[in-house]
Every structure is written in structure tokens, then in C-alpha cells.
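Chains as they are written, first to last, in this note's numbering: chain D, 12 to 390; chain R, 610 to 987.
Worth flagging that the hints you see were computed from the coordinates, not collected in a lab.
Any given hint could turn out to be false.
[Said to hold, decoys possible] Now the in silico label distances, taken between C-beta atoms and shown as ranges: (1) R:G961 - D:S180: 41 to 51 Å; (2) R:D802 - D:V226: 22 to 32 Å; (3) R:L783 - D:G301: 50 to 60 Å.
[Claimed, not checked] Now the stretches of chain D that chain R is said to cover, found in silico as 3 or more residues with beta-carbon under 8 Å: (4) 86 to 96; (5) 107 to 118.
Every residue gets a Cβ at the ideal spot worked out from N, C-alpha and C, and that includes glycine.
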Amino acid sequence: MIKARRVGSWFGRKTLAFGILAGVIGLLPEGRHAPRAEAATPLTIGFVYVGPKTDYGYNQAHAQGAAVVAKMPGVKIREEEMVPETSAVQKTMESMINLDGATLLFPTSFGYFDPHILKEAKKYPNVTFLHCGGLYQEGKHPANVGSYFGYIDEAQYVAGIVAGLTTKSNKLGFIAAKPIPQVLRNINSYTLGARSVNPKATTTVIFTGDWSMPVKEAEATNSLIDQGVDVLTMHVDSPKVIVETAERRGVFVTGYHANQSALAPKGYLTGAEWNWGKVYTDYVNMIQGGKPWPHLLRGGLKEGFVKVSPYGKAVSAAAKKKADAAKAKFMAGTMVIYKGPIKDNTGKVVIPAGSEQKQTDIALEKMDYLVDGVVGKTH
Amino acid sequence: MTIGALSPATEPSPAEAAAAAAVAAAAAARRAARRRSVESIAVPIGAIVGALVLFGVFVALTGRNALSVYHEMYRGSFGTWFSFQNTLQRAAPIMLTALATAIPLRLGLVVLGGEGAMVLGGLGAAAIGIHLHTPMSIKLGMFVTGALVGGAWIGIAGALRAYRGVNETISTLLLNYIAIALLNHMVEGPLRDPASLNKPSTLPIGDDNMLGNLPGLDVHWGLGFGLIACLLAWFLMSRTTFGFSARMVGGNVRAALLNGLPVRRLIVIATFLGGLGAGLAGAVEVAAIHGNANASLVTGYGYTGVLVAFIARANPLGVIPVALLLGGIGASGGLLQRVFELPDATVNVLQGVIFISILFSDSLYGRRWGRQKKMVPA
Chain D
12 MIKARRVGSW FGRKTLAFGI LAGVIGLLPE GRHAPRAEAA TPLTIGFVYV GPKTDYGYNQ
72 AHAQGAAVVA KMPGVKIREE EMVPETSAVQ KTMESMINLD GATLLFPTSF GYFDPHILKE
132 AKKYPNVTFL HCGGLYQEGK HPANVGSYFG YIDEAQYVAG IVAGLTTKSN KLGFIAAKPI
192 PQVLRNINSY TLGARSVNPK ATTTVIFTGD WSMPVKEAEA TNSLIDQGVD VLTMHVDSPK
252 VIVETAERRG VFVTGYHANQ SALAPKGYLT GAEWNWGKVY TDYVNMIQGG KPWPHLLRGG
312 LKEGFVKVSP YGKAVSAAAK KKADAAKAKF MAGTMVIYKG PIKDNTGKVV IPAGSEQKQT
372 DIALEKMDYL VDGVVGKTH
Chain R
610 MTIGALSPAT EPSPAEAAAA AAVAAAAAAR RAARRRSVES IAVPIGAIVG ALVLFGVFVA
670 LTGRNALSVY HEMYRGSFGT WFSFQNTLQR AAPIMLTALA TAIPLRLGLV VLGGEGAMVL
730 GGLGAAAIGI HLHTPMSIKL GMFVTGALVG GAWIGIAGAL RAYRGVNETI STLLLNYIAI
790 ALLNHMVEGP LRDPASLNKP STLPIGDDNM LGNLPGLDVH WGLGFGLIAC LLAWFLMSRT
850 TFGFSARMVG GNVRAALLNG LPVRRLIVIA TFLGGLGAGL AGAVEVAAIH GNANASLVTG
910 YGYTGVLVAF IARANPLGVI PVALLLGGIG ASGGLLQRVF ELPDATVNVL QGVIFISILF
970 SDSLYGRRWG RQKKMVPA
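Isolated chain R (complex conformation):
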């Protein structure tokens, strides 16, 4: 409308000019929107490709052929049906732990506590599982308990932030250590199965009560949970009033307060919801992999989740492909060691390069890519 008002009204009537300008403005808006959506795909992909090129240089410097390294990586992650399932299996828990960071990140909170929430979620699930009796109630009880424990754990950090001004990044990071210490204390003390001699663990939930595989796949149901949780989180954050309020808090907390949004409550709820995902990841680890809780629950998935959430730019839908990418890198890491005798840290280097590259690529949004010099104001 403003454009219409400012346009020089010479030959056509003002009404016609306004209409034409409105059409032009609408077209420009459509172009801008299209450009934004193209950008939102092209920039991250470009960043990942850029990271792969950089990593290729690194690999070449160690005296290996970068192309054959990439070929083996492809073979180890997506190249065979086995490899692809390996990737899916590795992606499953990090989809869930990523939500612990991704959802609060929408409110501008940097939460690093996925690891602790996952560990305690697993412990809580195992502790409940051994007291229930039918396979169905065991599974259900474990998932609900695991998720709630994880939610409460991150929720505590959220509440400390909202009501006491405690920095959530520091508190969630430190809570991870407390969670691991709690896990060790419980599995070596009150919850220890006396038969677990050299590897202190809780009592097993029993082989018959384990979580099975997805139909037709050699991948456990955790993948299904991960996908569903990401979709639900996406819907919540982009299509509901809650999500809108949450993003408003993230955009400008003063504006949110002036608009009467319950900022504190939103913070607690968002951290709780994020923790649900990580807690569920822990419950799935126990129900699908270990069958009991022990120190093996400390996997680092929580920290990988942070990486995933940032690369996905806190978009729960974006978490899915990014988790698959990192799952694939993890799946191929072993092959790099075995075929090229590259050290294990190689995949960490690649993950780090991708992370930096993605952060850098943030500065590329809104730029003109062609030869035109004129910038369209956003």
C-alpha cells in the first residue's frame, strides 16, 4: 500500500496505479517468499557441501584420496540397504535428543542438557519397568516415565531461568554431570542387580518386554518415535498459538511481555517439552537396546543433539534430515577407520567443520546471488 501511495501518479488514474502497484507488490512478495524458501534449502546444502570440500582438503593433507574417502563414506552410510538401516538406527536417538535443544532455542534459550535428561530418562524407565508386569504396561510405563523424568530435568533448568535468572546454558550443562553421577550412584547402589558383577546395572526388564523393530526394517521403534516427535514439535512450534508465542519470546522478549504473554510459563513449558524428547530417547535406549540401565547410557547422544538442533536452525522438521546426515556420518566413521586407518576423531572433524560452516552460512541469507547489483529491501 505504501508503494502505491508513493508511486508517481501521472497518466493512469490513482486507483489504477494503486491496483497495479498492489499487484506488483504482491508479485514482489511472492518472489521474496520463493527466494526465502529456495534460500532456506540452498544455503544449508551449500554450507554442507562447502564443509565437505574443506574436509576433503583435510583428508588430502593426510595423504588419502579424498574421493575414495567420500566413496567409502557413501558406501558406509547410504550405499547399501544395511548401511542405510545403520544410518537410520543412529539417527533415531539424536532426533529425540535434538528436540531438547531445538524447542527451547525457539525461545532464545540455549539448552545443552539433552545428555542428562536422556540418562535420567533411561534410569527412570528402567526403575519403573521392573515393577510392571505385562509387556504392554512395561513399555508404556517406561516411555511415559522416561519422557516425564527428562522433561522435569530440563524443566528445572527452565524454571531456574524463568524465576531465578539462572543462565540455562550453564545450568543444563552442569545438570548433565549431576545426572550421570546420579545414574552411577543408583546402578551401583540402591538399584543394582546383585548378579551384575563387573558391570553394575539395574535388574533387566526381560527379553520378552523389549521394544522391537519397525516392520520390515532392522531398526527399532525409536526411529518411529523420533519422526513422530519431530513432526509433533514442528506442528506445535509453527502452527499453534503456543508456538507463535514461543517464537515471539525468542524474537523479542520485551515485546512479548508488553503483549501480555506469560513469558515465564512459556519458558518452563518449552524446556519441559524439549526434555520429554531426550527423556524418551533414554527410555528407548533401555527398552530397545540394553534391557537395563547402566553406565552405557552415557552415550553423548545429548551433545550430538545440540549439534543437530543448531544445524537444523531449531526447526523440528529440519532436525530429521540433519539427524540422518549425522547418523550417516556416524555410520560411515567406522569404515573410514577400517579401510583408510584414519583416526576416530576424523568424523568429529567433519562434524565440527559442518557445524562451523552452517553457522557461517547464516550470514548469507538475504543476499542476491545473481549479477544484479540492486538489493530488494526485505
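Looking at chain D on its own, in the form it has when it is part of the complex:
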């Protein structure tokens, strides 16, 4: 009892001493080490991510873009990860503006746009907000806002070709977050790519329900492989778990968002990657040069917004040839993915013969069907 008490009071006194020390330290004046936004000379750019910067996925792709910007002259970048789509992101943006002196912000998650960016843009008219994925509307949205996005389904189409020519079982698997237009477009382009070279190929889809569900993604991977699927791809924020599980189970995988070949040296065929470094450098050059910048910026393989991962060892020469041919057509601007006749997987004609929807077609932004050859439902 006495012993216990002594230990207690020893701890108490020490805590108190530490407490006073820490309290005094807290009151000390500003140290020289704390970096601050210096005068106007360097352009301070803030990047905001919804998940971890090292997720092998959506956020890593943006962080890689930010790293390219960081090497530009006259530029200082500030990054913040794991910022939820709540008032927290408003405060993060304000904090970057007020405490870091940022005048250009790249809040990269889709859900940051409405209401968060729109609100902050009205509040800080001298700061430029460039957002990934949103659809800028002239007159409706503030003039200091812009939105950019890439036609990554072009890269998915090329990956689909590789998958279609690699599969032995003719069964491809697609693990997706939610049945929203952006995701459906990737599933459909992937399937159309695969079936353009292998009409017997089908794509089985599993929706996990949310952007980052590692456990469900692993379960979906295993379940698809158990059904005989031998090439997998995905549209979730972090493909890491899926790619690793596929490699462990000895099946092939095509990646998404960023290059995941390091996670699956044997099974990684290729992948659809963002190339945000190009987009960000262009924007920063325009802004530094005082030139007007586009409020709505879109591009695909040709514009360098997206790219196809280098082919893995398992990709056959024939597959490479077909994929390269499709890529060349995209680069030349002559490729149209959504060219009629296209039927959905219930047999309904969604694009009649003789008509086509080019990448800029607004109808594609409202996609609500799965094409023939996809096994799955949109709801």
C-alpha cells in the first residue's frame, strides 16, 4: 500500500514538473524554424487529398502530380491528406490560404466541389480553385473555379484489349465502388475493349458500395477468382488489396489510378493511369505566366491526361500489337469507343447503329447502363 502510494506521488510530482515545463515551452515566442508563407514571390499551391498519399491509387496519382509541380521553379507546395468531404475540407482550404499563403488550390476529391469549393471560392475571390472531376458551368459557378478530368476509360479500353487476349477462361472480373456514371463508363469501355478482340469474353462486376472498403474488396477478389475469373481490374480508390490478392492467387490483374506493378510483378499486365503531372504543370505555367486558363479542361491519351502502364512480362506479343494499334488510334484522335450498335446487358439498344458518342458527348456523363457482355446490375 505504502509502496503503491509512493509510486503514485512520484508520478504525480514528475507529471506536474513536466506539465509546468511544457506549459512554459508553449508560451515561448515563435522559433525561427517555423516556415511561413513569405511575401508574394513564390506561388504557394495547396493540394488536398481525401485519402492517404501512398494508397497506390487515386490519391497517390494526384500526389505524384503534385511532386512534379514541386520541382518547378518559383513554386512552393503544401499538401494535406485524409481530409474528409465535410466542413473539414473548407477549413483546410482556408487554413492553406490564411496560414500558408496559398493562392492556388487543387482540392482533388470529387466530393469537395459542391458545396465546399463553391463556398470557399465565393469567400476568397483572389484564390484559384482547380478541382478534379467537377463539371464547371459558366455563369453558375464562380469565375475563380475550374474543373479538369481525364478520359481514363480510353486507357481502360486498351487494358481491356490486353485482358481479352490474356484470359484463358474468357472470364474477366471488375471490382467497382458504386454504380455511378464515371464507374460504369470504365466497366463498359473495358468490356468493349476486351470484346473487340475476344467476343467470347465477359466481365463480371461486383460493387462494394464505397470507395475504400479493403475487406470487401478482398472478398470480392477471392469470390471472382473462385468463379473462374483469371484477369481482374477495378475502380476503387486504392487498388492495393485487389492487386495483392490477385497476385497471391496467381491470376492476372490490370491496374487503375496509378502503377501497381510493384505489388504484382508476375500478374500485372498493364493498367489505366492518371498523368496529373502534365495537367498540373500546364495549369501552373498558365497561371505563373498570367495567361487565362480554361475553366473546363478534359483530355485523354492524346492530350497526355492519362496513360497506359508499361506492359508486364505475361503480355503476349499479339496482345501488345492489338493494344498498341488501339492506342495509336486514340493518339491520332480517330478512335470512338461508343459507336453504335451498342446493346446493354438486358438486350436494350442504347446506341443505335450508325450513331456514335464521342468522348466529349454529354450523354456519356450520364451513363446508367452496363453493356452487353457485362455480368452484373447497376442497382
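Guided by the hints, dock chain R onto chain D, whose structure is given.
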């Protein structure tokens, strides 16, 4: 009185001795009470300071200067007017969600369901908001509905506990997942605004019907609601018969039963009341921030609320400063990432260290801090 009876009656008359002893006893009681109130402030503060020292060691191990990290944290949370408002804004929802845990904790129930109650409160509020017409009725309808939905959600867990013996910790935790699944189902299905393409949401309530800021502050009214709710909860739990009964259930449920207290009903009411707070938090998120309900309502505020309630030792008044502290840590977390390139998990480490430190500090109550060896029996 017992002390008076036991004191040796030698020179003074028994009456005088008893009076003197009573005075001494009263003085001792006052000293003890004073010590308790000093303790109730000094121990948590000491625990937090201890946690900060530990965290400083952790930061130093990553090769950063702990002092400059703390300096930046201060700058990011309380150091400027902007930062302070940032802290207040972040504290607002967690004050409300903390009540979902704090009130039932007084009855000895560990409720982790603030997240689910908040999510459904927000969904319910959005679903009602789009059917009402004037700004006032929209707001009122949303807050009442949100709170009631949240209350009912936790109340279900309370009723399961009271009448079916289902463990409330497990049931509320699992109800969170059900709530999130319900939210996703409703916003992607029956309640979806067809115009919300890539981010399924309910119809917006309209910019004119949004909840505004507190006068003179860049902080929305949620903070006002949080403060009022904490004060009301404190009054209820410490100054009313209901609160006394509730604490009696928490202290010794058998004694409460023997005294004829309606324990089951108290459990259901307390869980319902706690849920009101979390549900209101959800309604405020919709009314002040999002303007509609969607997956962004799943914020983790419910879980932060659990942390706040425990650190505040289930005292609704204590919830206010603790929410401010955690709000401040949240507000400064971004700066730590941006200035020191520390990973986001850093603030979680700090929160965790504080939590453990507070739990540990519970064992320090009632100890003598000076050199005196003699302990006063409580």
C-alpha cells in the same frame, strides 16, 4: 458524529468535545471537497500534459523538433482568430455526438452508436427538409426530425438492453454499419436526386434555407446547439431527480432496483436522450454544411464523440472543453502535415495517447500529493 462519539472525553465536557469534533469534521469535509474539486481539474489537466510530453517524445523520435511542432499546433488551433474559429467549428459536432455516449455512460452503459445516430439524423432531416416550405419550418422540421431519429436509433439499443439483455456496446456498434448501409441505400435509391450523377445525394434543401453562422463568427449555429445541449444535459444529469436516479443506476443497479427505481425505463430514456444529441449533429451537418444528405455524412464524428465522452468522464459540462481540445487538435493536424510532413495518423496518435493517459489518470484520484504520509479515509 461518529468521530465526536469516539473522541476521548477527558478535560472538556462531552458536549463541548462533540461540538469541537463536529467543527473539525466539517472542516475536514470541506478540505476533502476542496481537494476533490482541485483534483477533478488537476488530474485531467495533468494527464493531458503528460500525454503531450509522451507525444513530444514520439515526435522527437521522428526527427522533428517537438517544441516547434507544439508551436505550430498552437498556431493552427488557437493562435490566430481564424484558427480559433476553425477549432470551434470542429468542436461543434463532436459536442453533440459526445452526448450520445456521455449520458448513457452515467448509467454504466457504453454506447458507441453516435455515428449511426448522426448519419440517420442527417438522412431523416434531409428527407423532411425537402417537403417543407418556409425557411423557418424547414430548419425546425429538420432539427426536430434529425434529433428524434437519432434518439430512436440509440433508444432501440437501450430498449434491447433493458428488455432483452442485448449488450448495448455491441448492438450500437453494429447499428452504425446498418445506419450507413441504410443511408447509402436511400441516397442511391428512393431518395436520390436524379441530377446527382457521380455523387448520389438527396434533393438539396436550397441555399436560402441553410443554417447560418453565429453572429460575429465564422462558425455555424451548430456550436450554439452543442453548448446549449451540453448545458441542458449537465443540468438534467446533476440537478434533477432523473439525473440522480440515472446515476444511481450507474452506481449500483441492484440498489437502484431495491429502491424501486424504474431501471428499464431509465435506460431507454437515457439512451434516447443521448441519441437526440447525435441525431441533431447529423441534422446540423445537412442544414449548415451539405444542404443534402449523401455519403459525406459518414464523418467519424460519432467515434470522436466516444473519445470525448470518456475523456470528459461522462460529464456533459466536461464535454465542452474536451471537444474544444480535440477540435483544436483536428484543426492543427493539417498544419502538422503541411509544415512538418508528418503523416495524417500523427493526430490520431496524439488523441490515442491522451485517451490512454486519461484512463490511467483515473487511478490517481484520492491520492495524497504532498509529503504527508497519512491518508485521510474518504
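Each hint tested on the structure:
no. : hint                        : verdict
1   : R:G961 - D:S180: 41 to 51 Å : 47 Å, holds
2   : R:D802 - D:V226: 22 to 32 Å : 30 Å, holds
3   : R:L783 - D:G301: 50 to 60 Å : 57 Å, holds
4   : 86 to 96                    : holds (count 8)
5   : 107 to 118                  : holds (count 4)
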